[in-house]
Amino acid sequence: MIELHNVEKTYHSKSGDIDALHKTNLSINAGEIFGVIGLSGAGKSTLIRCINMLEVPTGGQVVVDGQDLTAMSEAELRKARQNIGMIFQHFNLLASRTVYDNIAFPLEIQGLSKDEILKKVEPLLELVGLVERRDHYPSQLSGGQKQRVGIARALASSPKVLLCDEATSALDPQTTKSILDLLKDINKRMNLTIVMITHQMQVVKEICDRVAVIENGDIIEEGTMFELFTNPKTPTTKDFIKSINNVELPAILKGVPLSKEYIEGGKLLLRLSFIGSSAGDPLISSLVKKFDVDVNILYGNIDSIKDTPYGTLLVEISGVRSSIKDALTYLHARNLRMEVMGYVS
Amino acid sequence: MSPEIINLLIKSFGETCYMVAASTIISTLIGLPLGVILTVTRKGHILENAPVNSVLGAIVNATRSTPFIILMVAIIPLTRIIVGSSIGTTAAIVPLTISAAPFIARIIESSLLEIDHGVIEAAQAMGASPLQIVNKVLLPEALHSIVLGITLAIISLIGYSAMAGALGGGGLGDLAIRYGYQRFRVDIMIATVVVLIAQVQIVQSCGNYISKKLNKNKL
Numbered sequence: 001m002i003e004l005h006n007v008e009k010t011y012h013s014k015s016g017d018i019d020a021l022h023k024t025n026l027s028i029n030a031g032e033i034f035g036v037i038g039l040s041g042a043g044k045s046t047l048i049r050c051i052n053m054l055e056v057p058t059g060g061q062v063v064v065d066g067q068d069l070t071a072m073s074e075a076e077l078r079k080a081r082q083n084i085g086m087i088f089q090h091f092n093l094l095a096s097r098t099v100y101d102n103i104a105f106p107l108e109i110q111g112l113s114k115d116e117i118l119k120k121v122e123p124l125l126e127l128v129g130l131v132e133r134r135d136h137y138p139s140q141l142s143g144g145q146k147q148r149v150g151i152a153r154a155l156a157s158s159p160k161v162l163l164c165d166e167a168t169s170a171l172d173p174q175t176t177k178s179i180l181d182l183l184k185d186i187n188k189r190m191n192l193t194i195v196m197i198t199h200q201m202q203v204v205k206e207i208c209d210r211v212a213v214i215e216n217g218d219i220i221e222e223g224t225m226f227e228l229f230t231n232p233k234t235p236t237t238k239d240f241i242k243s244i245n246n247v248e249l250p251a252i253l254k255g256v257p258l259s260k261e262y263i264e265g266g267k268l269l270l271r272l273s274f275i276g277s278s279a280g281d282p283l284i285s286s287l288v289k290k291f292d293v294d295v296n297i298l299y300g301n302i303d304s305i306k307d308t309p310y311g312t313l314l315v316e317i318s319g320v321r322s323s324i325k326d327a328l329t330y331l332h333a334r335n336l337r338m339e340v341m342g343y344v345s
Numbered sequence: 346m347s348p349e350i351i352n353l354l355i356k357s358f359g360e361t362c363y364m365v366a367a368s369t370i371i372s373t374l375i376g377l378p379l380g381v382i383l384t385v386t387r388k389g390h391i392l393e394n395a396p397v398n399s400v401l402g403a404i405v406n407a408t409r410s411t412p413f414i415i416l417m418v419a420i421i422p423l424t425r426i427i428v429g430s431s432i433g434t435t436a437a438i439v440p441l442t443i444s445a446a447p448f449i450a451r452i453i454e455s456s457l458l459e460i461d462h463g464v465i466e467a468a469q470a471m472g473a474s475p476l477q478i479v480n481k482v483l484l485p486e487a488l489h490s491i492v493l494g495i496t497l498a499i500i501s502l503i504g505y506s507a508m509a510g511a512l513g514g515g516g517l518g519d520l521a522i523r524y525g526y527q528r529f530r531v532d533i534m535i536a537t538v539v540v541l542i543a544q545v546q547i548v549q550s551c552g553n554y555i556s557k558k559l560n561k562n563k564l
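Each protein sequence line maps, in turn, to chains A and B. Residue 1 is where the first sequence starts when you use the numbering used here, and the numbers rise one by one after that. Residue 346 is where the second sequence starts when you use the numbering used here, and the numbers rise one by one after that.
Chain B with its partners taken away, still in its complex shape:
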């Protein structure tokens, strides 16, 4: 492989990392509170509230059922308002975030629901407020499972980011399509796929490792 192609690979890898990292952080910041609200407003939970739960649940489901490629095109006006442009790597972060946030919300909800009700009851019996229960019981107890969930989200984002090429977002997926597929460069195609596989493996391994470190349940 020529140095030119290697440079191309490095640049694309950097773009993918940038898109994925930024959208993971922002979508976690949005998804975390959403997930917490989805959990605590459930029936029988600490702040049961059926209207809030069903409205929020419906929005989350609607976003999740829209295919990413369609969502990306549909929200172009919004992207333009937020980023100032609807094309480019930074512009791709908007649809990536919007599609990942509800996914993360559901992941966090399911992690929080794993916590035994007895532990919440114990905290209530000690006089903990709902906010204290969220901060000191639900989130710390579910952290190891949330980490695994976010790892899953990162991996889906790596996949979605390949489609961001349609918005001129760049990244490894874009490289594979433009050079590997459209210009019949099998070597580039293979190189990209190898880098993508390695990236996913590393992300998953790191996620597993951190989650294991955080999990004090099975020592």
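Next up, chain A with everything else stripped away, as it sits in the complex:
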């Protein structure tokens, strides 16, 4: 649905050129929720604005729904943008228009008649749950309600793509949750492709299918949520994961030297991650029964990535060398991800 080929953006200023985005390649599939996460100044805003050409890339190609936006005239581009909805961190509603008129705005731009507009806006008011607020002004709404208006407005022209620019960053956690639920619902119902940039890992975890991590204008890591969660490769990604899934060693083990080699009478520290149905398997009890080992759980957590349950366990296994080896082979064969941290005495 969205293809970025070698897209780059350089800002020219008196104090020199700033490369906001280096050659970036990205492919986002139809119907998926794609997250771009990064710290402020990483280039994520520039990236999302390149998708609808609010920022014109200095190089490369932007293809949305088979159309090359970078090769278009101004008028063609305006037409193509009607296929790409966008919502913003600060909502950017028109203060002088009511909720209804804000949602009607993109349709007015397209020159639809009053009747046609009415037919489109009413179901949208219902979708975002603001029927009773239709004649209110934005200043009379809460943050969450404003973002709902933003979403309805973005959906008014029945776009195929929705771009979310830090859409929940200005909202409290509870409102964030309800906005994310709404986006998830819309994604399923309309098979809408959603691209969201955020610095909140919680948001990405809640709704994204795939994620890209951006840093200093480069995409440093990209993959499904599970891949990123269970096997983060770069320090930045690890930090992001840590922010919501804190599997730190318990205090008593902190600073204790970890040995790669078997230590007589020692314990092996393991971090296990499960996803989906395997999270329900009685893994620990079968380990204990099948092999002559003791298993001690140091930390455990069950969470969900999008709607799939996802569990993390930090365990220590003790036993003779051969039993531990067998236990590891057994674990390897299971549908889970395992990280051997080392032996402690």
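For the record, the hints were derived by calculation from the structure and aren't laboratory data. One or more of the hints may lead you astray.
[Stated by the list, open to error] What follows is a set of in silico ranges between Cβ atoms, one per label pair, in the way DEER data are often shown:
no., chain 1, residue 1, chain 2, residue 2, range
1, A, Glu3, B, Lys557, 47 to 53 angstroms
2, B, Ser550, A, Gln174, 42 to 48 angstroms
3, B, Lys388, A, Ser27, 31 to 37 angstroms
4, B, Ile555, A, Glu227, 56 to 62 angstroms
Just so you know, even glycine gets a beta-carbon here, dropped at the ideal spot from N, CA and C.
With the hints as your guide, set chain B onto chain A.
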């Protein structure tokens, strides 16, 4: 006060209203597009155009820095071409308009610049053309602030119109000078000043009221 003087006051008040109303309307018609152009051609705005912006800005500044009384005399030939005469109430409208139009242009520019760039960006993201952004975003969003600005312009025009007496334009200011000052009629002077104060108060109150009604930001 004799009925004669009251009649004089009413006549002068009518002249002031006529000069101010006509010059406000015409200068708004000129100042509005100028203000819009000054705004949208700024750096980073929707139709960035440095040459247009700086040339227009220079003309506006030049007009604004000329004192009204000098401008009025300097453009007498132009006034004659437009109105057919360089004296009288109608003739005074020309210099009043020429001095107020750039003022209104700047007022409109500053009102339009108050609009958050994010709102303009949102409209662009929906595929709005520059003209649609001006008509449907910039002007409606800034309307309450523009109304306050034009109120300010009307009040300055009431002040300037007092000088129009120099062109035989009549009006309250002229009355105050000719009768109140030159003929030592303190009562007329006071009456004129009272009417002028009342007029300014009413204009300001109306402006505040309309602007408040239009402003949906703070409810």
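Status of each hint after checking the structure:
1. Glu3/A - Lys557/B: 47 to 53 angstroms: Taking Cβ atoms as reference, Glu3/A and Lys557/B lie about 50 angstroms apart, which means the hint holds.
2. Ser550/B - Gln174/A: 42 to 48 angstroms: holds, 45 angstroms
3. Lys388/B - Ser27/A: 31 to 37 angstroms: Distance hint for Lys388/B, Ser27/A holds at roughly 35 angstroms.
4. Ile555/B - Glu227/A: 56 to 62 angstroms: About 60 angstroms separates the Cβ atoms of Ile555/B and Glu227/A, which means 56 to 62 angstroms holds.
Checked against the numbered hints given earlier, the structure satisfies every one of them.
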